[in-house]
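A.B. asks: For reference, the chains in residue letters:
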Amino acid sequence: MKLTFPRFGDSNIYGRLLFRELGVDFVVPAPNSAEGLERGAARAPEDICLPFKLMIDNLLSAWEQGADTVIMPATMGPCRLGEYGELLAVTMRKQGCDFRWILLDSISAIGVKELVHRLAQAVEDSLCSKRQIFRVLRKTYTLIKEFEKLEAEVRRLSPYDKTAGSSKAVLRTCRRALEQAEELSEAINIVRQSKKELHSLPRDMSKRPLRLLVTGEIYTQIEAFANHYIEDTLMDLGVSFEKNISIGWWVRNTVLNPFGGMLAEAKKNPLMPHRIGGYAKETINEALRCKKEGFDGILQLFPVGCMPEIVAKSVFDGLAKDEGLPVLSIVYDEMGGEAGYLTRIEAFIDMLERKRDMENVLSGDRCRIGKHGFCCNGR
Amino acid sequence: MRIGIPEALLFRRYEPFIRKFFDNLEVDVVYSGPTNGEIMERGIAHCVDEACLPMKIFQGHVVKLQAECDKVVVPRLMKCEFGDSICPKFVGLPELVGKGRAGSKIIFTEPLYLNDRNKLRKAVIKQSKQIGVSKAKVNDAFRAVEEFVRARKQGECYGAGAVSSCEGGGENTGGITGIHDGAIKVALLGHPYNISDSYANMNLVSKLKRLGICPVTGDELTREDMDEQMTGLMKAPYWRFYRENFGKAMALLKKGSVDGILYVSSFCCGTDSVTIEMIRSRIGDFSMLVLKLDEHTAEAGMDTRLEAFAELLERRRQKSKGTVPFDFLKGEKA
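Each protein sequence line maps, in turn, to chains A and B. First residue of the first sequence: 408, per the working numbering; consecutive thereafter. First residue of the second sequence: 360, per the working numbering; consecutive thereafter.
Check each hint, because a few of them may be wrong.
To be verified - A short, non-exhaustive set of chain A residues, derived as facing chain B with CB atoms under 8 angstroms:
1) 435
2) 492
3) 508
4) 509
5) 535
6) 616
7) 742
8) 743
9) 747
Simulated from the structure, these hints should not be mistaken for laboratory data. Just so you know, even glycine gets a beta-carbon here, dropped at the ideal spot from N, CA and C.
Please put together the full structure from these sequences, using the hints given.
C.D. replies: Structure, rendered in C-alpha cells:
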C-alpha cells in the first residue's frame with residue numbers, strides 16, 4: 408500500500424513527517440502549479456469548485472508516482488466538500504487510476520467504530536504500536552501548532568521590519584528546512600530556532616501599519632496557490648494581518664473536539680445565527696470580532712461558486728452598507744492573471760490608508776499630514 | 360398584518376401544504392405570483408452577484424413582497440422530509456436575502472426540520488407572535504396540515520405539480536394530450552424550481568411538447584425506488600436533489616422507459632455540478648442534454664439545442680430499429 412493525500416497548504420510537510428515516522432509508505436503529490444490546474448480543470452466537471460480541480464491534479468501526480476490509496480477528509484455537509492470523495496473516485500477511475508479510498512467522515516455520520524476502523528486502514532502497514540502511533544500524532548500536532556504560531560508572528564510583525572522582507576525570509580527558510588527535515592523532533596526544533604531568529608530581527612515599532620483580517624473559505628485560505636500567494640502580497644505591501652483559519656484550527660475544532668460543531672452552533676451571532684455548512688458562520692464570527700478589535704478591514708477569499716461563502720458575502724454586503732465595515736471579497740477561479748488581483752488588493756489598501764488618515768484628521772490629530780498629501784491646515 | 364409568500368424555490372413543491380396552513384390561520388396573505396421579467400430584474404439588482412439564478416429570482420419575489428407586505432416568509436429549510444439537506448444557500452436563505460440585517464421584515468427564520476415533527480412544530484409555533492396569531496391557532500393549523508399530508512399519497516405530495524404548473528393546470532405527465540403513444544420520452548430532471556418556473560426555463564415543457572417529446576418526471580417513483588439506486592456509492596449522498604435526480608435517472612434508465620435525459624440546471628449550481636457528473640459517469644453513451652439557465656432571456660440558443668436534441672433522439676431511435684433515415688448515417692457506429 409502506498410498512501411497519498413491531496414495537498415492543502417503545508418499538509419505536505421506534516422503528512423510527510425507523520426507517515427515517515429509511522430513507517431507508512433507514502434507519496435507526496437507535486438506542488439500545485441498552473442499546468443497542474445489546467446490538467447485538473449480539463450478532467451473535472453466545469454462547475455465544480457477550484458479545490459476539486461487542484462485535487463484531481465494532486466491525485467494524478469500521486470498516481471504517477473505509484474500511490475494506490477488516498478486518505479482524505481469528507482465531512483462538512485451540506486457544502487460540496489462532503490461529496491468530493493465519490494466524485495473524485497469516479498473522475499480518477501475515468502483517468503485509469505483505481506485508488507483505494509479512505510474517507511474520514513464525521514462521527515455523527517458513520518459512528519466511532521467505523522471511523523476507528525477507517526483510520527486503522529491507513530496505518531495497517533505500520534509496525535508501530537498504538538501507543539507509538541498516538542505519540543507520533545501528538546508530536547505532529549505540536550509541530551502544526553508551533554509552525555502556525557510562527558506564521559502568525561510573521562504576519563503580524565513583518566511590516567515593522569527594518570530591512571523589508573526579513574521576516575518573510577525567515578518563514579521561507581523555515582518552510583524549506585521543514586521540507587527537508589528527517590523527523591518530527593528535528594522539525595519542531597527548526598521551528599523553534601526560526602522563532603528565535605524572528606524575534607532577534609531589528610524592528611521599528613513606531614510604524615503604524617494597517618491591520619487586516621483574512622478570512623473566507625478554508626481551502627483557499629490554507630493553500631497558497633489557490634489564493635495566488637496573497638500572504639506574500641500582503642507582506643510586500645507592508646500590511647499586518649491575521650488569518651485564523653488553518654489546518655491546526657481545523658484539527659482543534661473537528662478532530663480533537665467532537666463537540667466542536669455543537670459549540671460553533673451554540674455561539675451567538677446575530678447576523679448568522681445558524682451554521683449553514685462549510686465555514687460561513689465562522690467567517691461572519693471573525694468579521695464581528697474584527698469590528699470589536701479594531702482591525703482596519705477584511706479580506707474575504709473564496710473560490711468561484713462556493714455556496715456557503717456566497718451567503719457570507721451577502722451578509723458582508725449588508726455590513727459594509729450599514730456599518731461602513733470595509734470588506735474586499737476576492738473570488739478565485741482558474742484564471743492565472745496576477746494583475747487583476749493585485750490591483751484590487753492595492754486599491755483596497757490605499758483606500759483603507761486614506762480612510763485612516765482622514766479619521767485621524769477628523770478626530771483632532773491636526774499635525775498629522777497623511778501619506779497621500781492630505782493636509783488639514785484649513786480646519 | 361399582511362404576510363407575503365414568495366412563489367419561488369420550493370414553493371411549488373410544498374404549495375398545497377403552505378396554502379392550507381395559511382388558509383387555516385385566516386391571516387391576510389399575499390402570494391407573489393409566478394415569476395416575470397420585473398421580478399427577475401429586481402432580484403438580479405438586489406441579490407449578491409455570485410448567487411445562482413433561482414436565488415436571484417427568490418430575492419426578486421421577496422423584494423416585490425417587501426413593498427406590499429408587513430412580513431415576508433423566508434424559510435430556513437435545514438432538512439427535507441427524509442432528513443436530506445438541500446444546499447447551504449437554503450440553510451442561509453434568510454441571511455442571503457436579508458443580508459444579515461436585524462430590522463428586516465423577514466419571518467420564519469427558525470430552522471425547519473421537515474423530518475422531525477416535534478422540532479418542526481416548535482419552530483412553526485415560535486412564529487405565532489410575528490404573524491400575530493395565537494399559539495393555539497397556529498398549532499391547529501399545523502395539525503390540519505399534518506392530517507392533510509397523511510391523507511395524500513407520496514406521489515401527490517411533492518414534485519407532481521412541476522410539469523402541470525408549467526402548462527397552467529391540467530394533467531400530469533401521463534395524460535399529456537396531443538402526443539401519440541410512440542412519442543419520444545425524455546426524463547426531465549433537475550431541481551424542481553428550475554423545472555416548474557416556466558419564466559426561468561422559458562416554457563421548456565411546452566417547447567418539448569411542440570417538438571413532439573413527452574417529458575417524464577418520474578414522480579411515480581417512490582423513495583425506496585430511488586434509494587435502491589444509491590447502492591454502490593461510497594458515501595450516501597446528503598443532498599435531497601442529488602438523491603432524487605440521480606435515483607430517478609438510474610431507475611428510469613433501468614426500466615428502459617425513456618429515450619434520453621434532459622437535465623435542467625442553473626449556472627453555477629453547486630449541487631448539480633456533482634449530480635450531473637455522477638449521472639454521466641453511470642449512463643455510458645446514453646443521450647443526455649444539460650441545459651443551464653442564467654439571466655439571459657434570448658430563446659434562440661435554447662430552441663436550437665432542444666431541436667438538435669430532439670433530432671438526435673429521433674435518429675437514434677430509428678437506428679436502433681434498423682431504419683436509418685439518411686444513408687450517410689449507416690456507417691456511424693451505435
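A.B. asks: Are residue 435/A and chain B close enough, Cβ to Cβ, to be under 8 angstroms, as the hint says?
C.D. replies: violated, 24 angstroms
A.B. asks: Against chain B, is residue 535/A within 8 angstroms by beta-carbon distance?
C.D. replies: Violated, because the Cβ-Cβ distance from residue 535/A to chain B comes to roughly 28 angstroms (cut-off 8 angstroms).
A.B. asks: Can we keep the residue 743/A interface hint, with Cβ of chain B closer than 8 angstroms?
C.D. replies: violated, 20 angstroms
A.B. asks: Is the interface hint satisfied for residue 508/A? The criterion is a beta-carbon contact with chain B at less than 8 angstroms.
C.D. replies: Because about 6 angstroms separates residue 508/A from the closest Cβ in chain B, which is inside the 8 angstroms limit, the hint holds.
A.B. asks: Would the hint on residue 616/A stand, with a C-beta cut-off of 8 angstroms toward chain B?
C.D. replies: violated, 29 angstroms
A.B. asks: Next item in the hint list is residue 509/A. Is there a CB on chain B closer than 8 angstroms to its CB?
C.D. replies: With Cβ-Cβ at 10 angstroms, over 8 angstroms, it is violated.
A.B. asks: Close enough to count: is the Cβ of residue 747/A nearer than 8 angstroms to one in chain B?
C.D. replies: violated, 16 angstroms
A.B. asks: Was the hint right that residue 492/A lines chain B, CB cutoff 8 angstroms?
C.D. replies: holds, 6 angstroms
A.B. asks: With 8 angstroms as the cut and Cβ atoms as the points, is residue 742/A at the interface with chain B?
C.D. replies: violated, 15 angstroms
Taken one by one, the earlier hints fail for this structure at numbers 1, 4, 5, 6, 7, 8, 9, listed in ascending order.
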